[in-house]
Structures are given as structure tokens and as C-alpha cells.
Amino acid sequence: AIILVHWLLTVWGCMNYMLPASYAWGNFSVLAVGIWAIVQRDSLDAIMMFLTGLLLTVLTDIIHISVFYPTNQHLPDVERFSIGMAIFSLLLKPMSCYLVYRMYRERGGE
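The sequence shown begins at 3 in the working numbering and counts up one residue at a time.
Simulated from the structure, these hints should not be mistaken for lab results. Honestly, I wouldn't trust all of these hints.
[Stated by the list, open to error] Simulated DEER-style distance windows between Cβ atoms: (1) Leu-94 / Ala-23: 21 to 29 angstroms; (2) Arg-109 / Phe-30: 22 to 30 angstroms; (3) Ser-45 / Phe-83: 34 to 42 angstroms.
C-beta: ideal position from N, C-alpha, C; glycine also.
All chains should be modelled from the sequences, with the hints used to inform the complete structure.
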């Protein structure tokens, strides 16, 4: 569910090309590692890489949104929706990190 929610929010966040391609590449790459972590249940490395990637994308998302946020007040609806979904994805990432950390602990991580 974590992968699906963040995938959908990232797709919606990239709808209008306001955010650079590095936003999409970073988030989709971490989601690919997340799929690997789900498929390979016995691997602590996969889940740890997914958790590390999620934490790094929190930082990069803050930078992308703050640098590329438009300064004018007259944004079209699609731009408002797109940036809103990117911000919503950013707000959900700490909860996702907590859930992934619980998965890490369940698999025997310290």
C-alpha cells in the first residue's frame, strides 16, 4: 500500500512538468527499491535501502518543492493540484518511514 500511494502521488506530482525530472527519477527509483524490498522478504538489505531512500527523498523533495515552487499567485488548477500532491506525498513520507522501519524490525533488524 505504501508503494502504491507514493507512486500515485508522484505521478500526480509530475503531471505538469513544474518539478524537474530529478524529482520523478528520485522518487520512482526509491519506489523500485521498495518493490524489491517487498518481493524479497528475507533481505534486510533491501528494506534498509528502501528506508534510506525514503529518508533521502524527504530531503530532496523539500529542496525541489522549495526551489521550484512558483512565486506568482495565479496558478492554473493543474499546477495547484500537481504541487499539492507533491506536498501531500512529502507529508506522508515520515509515516511511511515509520511503517517501513516496523517492517525492518519484524524481519529481524536492530
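These are the hints, each one checked on the structure:
| no. | hint | result |
| --- | --- | --- |
| 1 | Leu-94 / Ala-23: 21 to 29 angstroms | holds, 22 angstroms |
| 2 | Arg-109 / Phe-30: 22 to 30 angstroms | holds, 24 angstroms |
| 3 | Ser-45 / Phe-83: 34 to 42 angstroms | holds, 37 angstroms |
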